[in-house]
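Go by the hints and put chain C onto chain R.
The listed protein sequences derive, respectively, from chains R and C. Here our numbering is used: the first residue of the first sequence is 1, the next is one more, and so on. Here our numbering is used: the first residue of the second sequence is 1, the next is one more, and so on.
With a Cα cut of at most 25 Å, we get these calculated SDA-like pairs of lysine to any residue: (1) R/K12 <-> C/E68; (2) C/K123 <-> R/P521; (3) R/K33 <-> C/T83; (4) C/K123 <-> R/M1; (5) R/K12 <-> C/S124; (6) C/K97 <-> R/P108; (7) C/K33 <-> R/M157; (8) R/K12 <-> C/T433; (9) C/K440 <-> R/T10; (10) R/K33 <-> C/E82; (11) C/K33 <-> R/T137; (12) C/K431 <-> R/T10; (13) R/K12 <-> C/V67; (14) C/K33 <-> R/Y125.
What follows is a list of derived Cβ distance ranges for each label pair: (15) C/A467 <-> R/K123: 22 to 32 Å; (16) R/L435 <-> C/T496: 30 to 40 Å; (17) C/S124 <-> R/R323: 55 to 65 Å; (18) C/K12 <-> R/V311: 49 to 59 Å; (19) R/L564 <-> C/A573: 32 to 42 Å; (20) R/S124 <-> C/K171: 55 to 65 Å; (21) C/Q442 <-> R/R63: 46 to 56 Å; (22) R/A573 <-> C/A573: 35 to 45 Å; (23) R/G291 <-> C/K12: 48 to 58 Å; (24) C/T565 <-> R/G553: 45 to 55 Å.
It should be emphasised that the hints constitute simulated quantities derived from the structure, not laboratory data. Here the structure is a predicted model, which is why all the values come from computation and not from measurement. In this text, a Cβ means the ideal position worked out from N, Cα and C, and glycines have one as well.
There are 2 protein chains.
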Amino acid sequence: MRASRFFISTLKEAPADAEIVSHQLMMRAGMIKRLGSGIYTYMPMGLRVIRKVEAIVRDEMNRAGAVELLMPVVQPAELWQETGRWQKYGAELMRVKDRHGRDFIIQPTSEEVITDIARTEIKSYRQLPVNFYHVQTKFRDERRPRFGLMRGREFTMKDAYSFDRDAASMKVSYQIMYDAYIRIFTRFGLEFRPVAADNGAIGGSGSHEFHVIADTGEDAIVYCPTSDYAANMEAAEAAPITLPRAAPTLALTKTATPGKAKCEDVAALLAVPLNQTVKSIVLTVEKEVDGKLDKQVWLLLLRGDHDLNEVKAGKVPGLADYRFSTEAEIVEWFGTPPGYLGPINTVKPVHVVADLSVAPMSDFICGANEADFHFTGANWGRDLPEPVTFDLRNVVAGDASPDGKGVLAIQRGIEVGHVFQLGTRYSEDMKATFLDENGKPQLLQMGCYGIGVTRILGAAIEQNFDAKGIVWPVSIAPFEVVLCPMGYDRNEAVKTAADNLLAGLLEAGVDAILDDRGERPGAMFADWELIGVPHRIVIGDRGLKDGKLEYQGRQETAATAVDLTGIIAFIRARLPA
Amino acid sequence: MRASRFFISTLKEAPADAEIVSHQLMMRAGMIKRLGSGIYTYMPMGLRVIRKVEAIVRDEMNRAGAVELLMPVVQPAELWQETGRWQKYGAELMRVKDRHGRDFIIQPTSEEVITDIARTEIKSYRQLPVNFYHVQTKFRDERRPRFGLMRGREFTMKDAYSFDRDAASMKVSYQIMYDAYIRIFTRFGLEFRPVAADNGAIGGSGSHEFHVIADTGEDAIVYCPTSDYAANMEAAEAAPITLPRAAPTLALTKTATPGKAKCEDVAALLAVPLNQTVKSIVLTVEKEVDGKLDKQVWLLLLRGDHDLNEVKAGKVPGLADYRFSTEAEIVEWFGTPPGYLGPINTVKPVHVVADLSVAPMSDFICGANEADFHFTGANWGRDLPEPVTFDLRNVVAGDASPDGKGVLAIQRGIEVGHVFQLGTRYSEDMKATFLDENGKPQLLQMGCYGIGVTRILGAAIEQNFDAKGIVWPVSIAPFEVVLCPMGYDRNEAVKTAADNLLAGLLEAGVDAILDDRGERPGAMFADWELIGVPHRIVIGDRGLKDGKLEYQGRQETAATAVDLTGIIAFIRARLPA
Chain R
1 MRASRFFIST LKEAPADAEI VSHQLMMRAG MIKRLGSGIY TYMPMGLRVI RKVEAIVRDE
61 MNRAGAVELL MPVVQPAELW QETGRWQKYG AELMRVKDRH GRDFIIQPTS EEVITDIART
121 EIKSYRQLPV NFYHVQTKFR DERRPRFGLM RGREFTMKDA YSFDRDAASM KVSYQIMYDA
181 YIRIFTRFGL EFRPVAADNG AIGGSGSHEF HVIADTGEDA IVYCPTSDYA ANMEAAEAAP
241 ITLPRAAPTL ALTKTATPGK AKCEDVAALL AVPLNQTVKS IVLTVEKEVD GKLDKQVWLL
301 LLRGDHDLNE VKAGKVPGLA DYRFSTEAEI VEWFGTPPGY LGPINTVKPV HVVADLSVAP
361 MSDFICGANE ADFHFTGANW GRDLPEPVTF DLRNVVAGDA SPDGKGVLAI QRGIEVGHVF
421 QLGTRYSEDM KATFLDENGK PQLLQMGCYG IGVTRILGAA IEQNFDAKGI VWPVSIAPFE
481 VVLCPMGYDR NEAVKTAADN LLAGLLEAGV DAILDDRGER PGAMFADWEL IGVPHRIVIG
541 DRGLKDGKLE YQGRQETAAT AVDLTGIIAF IRARLPA
Chain C
1 MRASRFFIST LKEAPADAEI VSHQLMMRAG MIKRLGSGIY TYMPMGLRVI RKVEAIVRDE
61 MNRAGAVELL MPVVQPAELW QETGRWQKYG AELMRVKDRH GRDFIIQPTS EEVITDIART
121 EIKSYRQLPV NFYHVQTKFR DERRPRFGLM RGREFTMKDA YSFDRDAASM KVSYQIMYDA
181 YIRIFTRFGL EFRPVAADNG AIGGSGSHEF HVIADTGEDA IVYCPTSDYA ANMEAAEAAP
241 ITLPRAAPTL ALTKTATPGK AKCEDVAALL AVPLNQTVKS IVLTVEKEVD GKLDKQVWLL
301 LLRGDHDLNE VKAGKVPGLA DYRFSTEAEI VEWFGTPPGY LGPINTVKPV HVVADLSVAP
361 MSDFICGANE ADFHFTGANW GRDLPEPVTF DLRNVVAGDA SPDGKGVLAI QRGIEVGHVF
421 QLGTRYSEDM KATFLDENGK PQLLQMGCYG IGVTRILGAA IEQNFDAKGI VWPVSIAPFE
481 VVLCPMGYDR NEAVKTAADN LLAGLLEAGV DAILDDRGER PGAMFADWEL IGVPHRIVIG
541 DRGLKDGKLE YQGRQETAAT AVDLTGIIAF IRARLPA
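Chain R on its own, in the form it takes in the complex:
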């Protein structure tokens, strides 16, 4: 490629709405252009990266035996009504009517369409297993699109759907995809981590997220450096504390804590460690029973130094549909404002549930259900009944790993892939069956597997950048090598050498671009450092006289002189096979 035949458009400053580094750098490097909120044109430079990401994804999907097709962007509402997602999906689902007033959606994902295809195309167990995928434009009407390609509304996703005859076979298909994802993210050249994830409302038996590691990641991911354990924060289990509970040493005492509504403040006032305090979180569950609204109030107890895990709370029997109580509800039920609540001497009946780590506590501190007072010296069995316990909290660094093989660490990640065992979630609603060996209809067992193709670009940059710009891993860089001739338009020897080298590199299968725009060296170098091309070759008159070129890697601080005769081999050795 020649820069004069390409379209390069760099900016000194990122627009004000670009809050994070990947968004800023993609805008500055001319990779994307904003069309509307969360909607971007992929400019030529950005599209090259997308195509390289897609090529790796396709290659590994095909190798794993998945078959590519292409499902439509605009999908009839009827299928989404069959699975109930037309009703449940909410405002993120972009709905549209055609000229006849019929309802359609702009697809955010394609479970319904692929299940519709499967129920007509898959007739016999002999056709199984099969895995279909497509790489297609998706739309999610995010409430607050931001961060460029990280949380856009229109985006490109690879989504695959496996169909199997039974759960055991489905798990095999799942593992094949899991392994393919490992290869894909490895080939991207990104540091990543697969983590166990919660199946959430979809149900089913297993799920993993693939996270690109980056300090700026939205998600906290949990792992054990000395074992294979890894999970996202929602799913990471807190191992039960096995130390026995110490015997009480203090009497239960109502202690004045005026104005100290937070555990941190109470602990400071009373000069005790934070982990000696217990915080109380109030939840409301409302149900219609015989036409009347039945309201339950739950009190969740956590150690003062721990945070509630809202997903885990929802798994406590009876709490599936909880919400946080309002301040007015709390005052009405407890007769005291939040900050002074506790499980002892409640005015009205509450369901008390304690986190696993609260049960082994003794002589602990909790709210006294009276403004400006806490109890100190509280003890289970003596001052209140033995607790009902669940795992309710987010794990913290240093917690024991649930596999017993070390302690947990926490890092930040950006979710770019998700694999899911769906089981019969969709096949049941849509009556997608096949005939088994006995000619009996059986529900198809499904898995689904997504990769956020355009999101990969944002994640890769969040992980790989410096003060000069983007530092692309070579496998997804827009170009592998840039040739920067010094005086291309006025020095015949330089021009000839540059033209010949470009031809030689292309011939050798190297994705090279020659900057023949006639920019001055400083501007030229700054452009390509911003764009993030991994390898740069400078062709100058002086070096040429000695048969030398200057090579510099994107993150190297100095150039290396390389013989003109050996430059192609030199570059090839620095590229993926």
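Relative to chain R, chain C alone:
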């Protein structure tokens, strides 16, 4: 590829709604699957063809210096309001509101978005010319989707947009695209014809359509077999008839023609040639003048054997906004029902315009403006004023070519490409300017260039099929070669030879598929003939013993024995370089 790892799904019968052969065969061959009216999933077999079409398109677009980007499917209404197309586009434009109630459209084309990009990205004449293209999903909410991929609602289009500094340079960019289209359609292996087209409402100075020739084509295209002249029916000019008008020989006579409202019937009754009759077509033009509706009635005269060209009619000064008059309007204005109208003795004033071919007539027959009567022996100058003439009719086979180099022929075509000189149609509305050498802002001169990627599939099949199924040109066939082993699952020699041959062909860059499904020969052959793979190699036990395989081209009636040792070279010789 192995058939067992692919997804093959053929049908004996096409669904009832498939009216045309390409739709029937694509459904039967499992290339597409209907999701909704005019909305199809591209199944694995169909997607392979689409990808081959796209690859040829991209290759030639890149070679022509166009730069690929990707514009969004969902586009904000504001841009479409700037050009007025939000108002004018009508019901085909799929409109959608986001969660905040803002208006968007699902793009049928991207002039607005690319012009928006150009007006911010193109600052200087030094950046020109530039040509951007994308291959993207489009949506047009057709009133009556039908014919499978030929008139669908969701489809894939390649659209390119050139930007130039002046009209002369724009014409150069246009010619480059025209030439690229010639290469593209040649590489598809399809019989095609570029024809001059009408620019229509868009204005501008030039336009060509590219038609795939097929008897079933929707469009009549006009060409001169002995010259380069070619145009679509709308644009094909009728050369003026240069023969002098013969002198009158008959008196004007009101002649009874009871119940004969058509020229054909009148000619038969009076035993004269049809081209001696003149038909009258009544048009209405309504305009608001000073708040009042001014209604004009026009009478267009054509020879009885000719058809009105509605596009040409719209170009007559004063007729830009015409519509056909209703029967009630005709009765009111002429005092007689349609079928007996004519230019002589009209009750109320009408604007009379005659086609070029009507002016040289003498002793002609026309309606007498009285039910069941025509005039015979009508003559210009004597019975009515000399006519105002325009080219108003569709040309017919045998007409003189307007370039004077022969006579016109007509064939049927399917429009699959369109190139367009837009001029400043969009840049003016959207104020898309660049700075010229003198630092003065100038409007960008634009061209746009479309290829209906998915439509190509339908058109290719309409042109290339037989009783057995599709006959793909090799360059866009889903596979180039199919290997059909006889007893793959039970004959070790056959299996080994088939596996080795597949590996050898893939190694040689041949896109081959091995049918290892274990189907019986008859079913296997029928599947691949239906799917339309151009080359078939049968691997049988008997032949192998003599070192022979059986080759048969898709349209050959008998097989050829080929040496196993030479088979790869044999096949390579039959494939595009």
